[in-house]
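Asker: Chain by chain, the residues:
There are 2 protein chains.
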Amino acid sequence: MSKRVFNFCAGPAALPEAVLQTAQAELLDWQGKGLSVMEMSHRSDEFVGIAERAEQDLRDLLAVPSDYKVLFLQGGASQQFAQIPLNLLGEGGSADYIDTGIWSRKAIEEASRYGHVNVAASAKGYDYFAIPGQNEWQLSADAAYVHYTPNETIGGLEFNWIPDVGDKPLVADMSSTILSRPLDVSRFGLIYAGAQKNIGPSGLVVVIIREDLLGKAHSRCPTMLDYSVAAANGSMYNTPPTFAWYLSGLIFQWLREQGGLEAMQRINDAKQRKLYAAIDASELYTNPINVADRSWMNVPFRLADDRLDKPFLAGAEERGLLNLKGHRSVGGMRASIYNAVPEAAVDALVAYMAEFEKQHG
Amino acid sequence: MSKRVFNFCAGPAALPEAVLQTAQAELLDWQGKGLSVMEMSHRSDEFVGIAERAEQDLRDLLAVPSDYKVLFLQGGASQQFAQIPLNLLGEGGSADYIDTGIWSRKAIEEASRYGHVNVAASAKGYDYFAIPGQNEWQLSADAAYVHYTPNETIGGLEFNWIPDVGDKPLVADMSSTILSRPLDVSRFGLIYAGAQKNIGPSGLVVVIIREDLLGKAHSRCPTMLDYSVAAANGSMYNTPPTFAWYLSGLIFQWLREQGGLEAMQRINDAKQRKLYAAIDASELYTNPINVADRSWMNVPFRLADDRLDKPFLAGAEERGLLNLKGHRSVGGMRASIYNAVPEAAVDALVAYMAEFEKQHG
Numbered sequence: 004m005s006k007r008v009f010n011f012c013a014g015p016a017a018l019p020e021a022v023l024q025t026a027q028a029e030l031l032d033w034q035g036k037g038l039s040v041m042e043m044s045h046r047s048d049e050f051v052g053i054a055e056r057a058e059q060d061l062r063d064l065l066a067v068p069s070d071y072k073v074l075f076l077q078g079g080a081s082q083q084f085a086q087i088p089l090n091l092l093g094e095g096g097s098a099d100y101i102d103t104g105i106w107s108r109k110a111i112e113e114a115s116r117y118g119h120v121n122v123a124a125s126a127k128g129y130d131y132f133a134i135p136g137q138n139e140w141q142l143s144a145d146a147a148y149v150h151y152t153p154n155e156t157i158g159g160l161e162f163n164w165i166p167d168v169g170d171k172p173l174v175a176d177m178s179s180t181i182l183s184r185p186l187d188v189s190r191f192g193l194i195y196a197g198a199q200k201n202i203g204p205s206g207l208v209v210v211i212i213r214e215d216l217l218g219k220a221h222s223r224c225p226t227m228l229d230y231s232v233a234a235a236n237g238s239m240y241n242t243p244p245t246f247a248w249y250l251s252g253l254i255f256q257w258l259r260e261q262g263g264l265e266a267m268q269r270i271n272d273a274k275q276r277k278l279y280a281a282i283d284a285s286e287l288y289t290n291p292i293n294v295a296d297r298s299w300m301n302v303p304f305r306l307a308d309d310r311l312d313k314p315f316l317a318g319a320e321e322r323g324l325l326n327l328k329g330h331r332s333v334g335g336m337r338a339s340i341y342n343a344v345p346e347a348a349v350d351a352l353v354a355y356m357a358e359f360e361k362q363h364g
Numbered sequence: 004m005s006k007r008v009f010n011f012c013a014g015p016a017a018l019p020e021a022v023l024q025t026a027q028a029e030l031l032d033w034q035g036k037g038l039s040v041m042e043m044s045h046r047s048d049e050f051v052g053i054a055e056r057a058e059q060d061l062r063d064l065l066a067v068p069s070d071y072k073v074l075f076l077q078g079g080a081s082q083q084f085a086q087i088p089l090n091l092l093g094e095g096g097s098a099d100y101i102d103t104g105i106w107s108r109k110a111i112e113e114a115s116r117y118g119h120v121n122v123a124a125s126a127k128g129y130d131y132f133a134i135p136g137q138n139e140w141q142l143s144a145d146a147a148y149v150h151y152t153p154n155e156t157i158g159g160l161e162f163n164w165i166p167d168v169g170d171k172p173l174v175a176d177m178s179s180t181i182l183s184r185p186l187d188v189s190r191f192g193l194i195y196a197g198a199q200k201n202i203g204p205s206g207l208v209v210v211i212i213r214e215d216l217l218g219k220a221h222s223r224c225p226t227m228l229d230y231s232v233a234a235a236n237g238s239m240y241n242t243p244p245t246f247a248w249y250l251s252g253l254i255f256q257w258l259r260e261q262g263g264l265e266a267m268q269r270i271n272d273a274k275q276r277k278l279y280a281a282i283d284a285s286e287l288y289t290n291p292i293n294v295a296d297r298s299w300m301n302v303p304f305r306l307a308d309d310r311l312d313k314p315f316l317a318g319a320e321e322r323g324l325l326n327l328k329g330h331r332s333v334g335g336m337r338a339s340i341y342n343a344v345p346e347a348a349v350d351a352l353v354a355y356m357a358e359f360e361k362q363h364g
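Note that the protein sequences, when read in sequence, are chains A and B. Be aware that the first sequence starts at 4, since it is given in the numbering used here, and climbs by one per residue. Be aware that the second sequence starts at 4, since it is given in the numbering used here, and climbs by one per residue.
Bound conformation, chain A alone (with noise of 0.2 Å):
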């Protein structure tokens, strides 16, 4: 058996070992059983305590208030784009969108289709370097909600602070920042997280909601598509992602055995002050983001001479840290430093950051 990889990648992202080796070892035969986790029905005791405890473990890891549903739905975030305005905004509502990026504008363009978006502030004029502070906001008087987005995926751009939207509900696409570190979940209204970076695996996406946004899903919304519904059958209202649902309950489970978030914060709050550490202090790697509004999790950087990139991921793979390679979208590097992916990791990168400009800077 060859060795484990580090895996920077963005999502699908790296699980922890120890989680992949429970899974494996009762894949077949769980807890004396004699079957799978993936063979139950999802009505059955042995599926129904996985299920709850699962819930239970994220409720205590955030702390999340008693009047608020957590539901265990598909579709990831892209499907919540849609969601959220078809449960939230009424026919013909108006709701509050900041742009910070890809994945903002992203959920703007679909929220558009469902109602009137004001998008109340944006970080274009920072060319999405930095976050429009709250004195730039143009919020509306009559939005149904504001939409942000924590953590910008693609960009590597995070917001260090909630954002205080009065009595609206708050609504946060936190799928790259969720489990990071402690949260306060009474700000939200709405808190949505695709699970395959910070959860678990792909297929999976986590709604958190106060209750009292349940219940006023547009007449057209398709029912599997109604967080009332979802709400009122425990998330089985017809057979959910098993698996995932299990597998993200074992990392919970894993998460409450490293000392739970605040552990976690502490965790990577070294990873991140290393990675971009070693990012400042070289004449190579460049991160273009207000220092302030840097995201822990994707870490962006580029190499002063684009014809060097070819090299350094060959270098990389050849020590196994993989899937260094920026989004498509924006080139160079980016390095995804999840709760899965560990301190040694963000080690060897650096390690192999420094080799590699002492040969090429």
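Keep in mind that the hints were calculated from the coordinates and are not lab data.
One-sided and incomplete, this derived list gives chain A residues near chain B with beta-carbon spacing under 10 Å:
| id | residue |
| --- | --- |
| 1 | V8 |
| 2 | C12 |
| 3 | L18 |
| 4 | E20 |
| 5 | A26 |
| 6 | Q27 |
| 7 | L31 |
| 8 | S39 |
| 9 | V40 |
| 10 | S47 |
| 11 | E112 |
| 12 | E113 |
| 13 | G203 |
| 14 | S205 |
| 15 | T242 |
| 16 | F246 |
Where a beta carbon is used, it is the ideal one built from N, C-alpha and C, also for glycine.
Start from chain A and add chain B according to the hints.
Answerer: Relative to chain A, chain B alone:
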């Protein structure tokens, strides 16, 4: 490690042991690449290779004509109940539906929210114990398509013929019968099937759609629910359920190794004959379905005295025969004998049924 049980669950259902063993062996390290399939970018060469091979194997198994797209989507068959009218009905359009049981009625209910549904035939007059012959169908001239449910998973009612609907697109929910035997795909406009019965794990739904039916989505159909968007992006408009797709691919390879769908037809025919013969020969067990319309995959049966249900199930469980309890809406027993349920499982069940009847008959 305990013995693997015989699992008669209606879904999520049994998976071939050989497939689970392969998945287990490469769970942490796929083909020496040092990472799990779950950790691969869906746009990596490795995963694209896995995805394309899965699609090709499915096309080969079903001899899918080249003018059909094969899509790997999320949300299960229940999401298709909305997605089909959103894509095919147009604004205020009309469609014909055939009512043969609980699942077709769910499809009817959801479609009715998007246009006019003409129930062209119903098994209600037969207490859902027989399928109305085509001479009883009242198809309408203006239907955009004709929808039916070739196999009713709960009722245990199955079409052994393909309806003739002229030049209307025939749409079929094949969740619990796909891949159980050869199929003439060219007779259909659209076939859909939730994976968790005969395809793979839950969280995946396969759609096979004739290309001329693409590009007709309603203006407010969510982008993620538009078949033409999925088709144009190779089912990767956003991150697909990669592990479920991979595992389904392993099952398609396994089916090819078994000899393809002709071989599965022989095996499945033998399995269903044995089980129905045991029921029909007994004084204790009954199946109410018209013999010509009996399901090969889902075999419901009742004991002459309901008070024997509990001891029957307890004795079955002691012998490693699991999930024989019928659906809560109909009671009694149900044995789902999908592709991955071996003939030995049916033999063990038939032997137990005889033993139980001797003791309690």
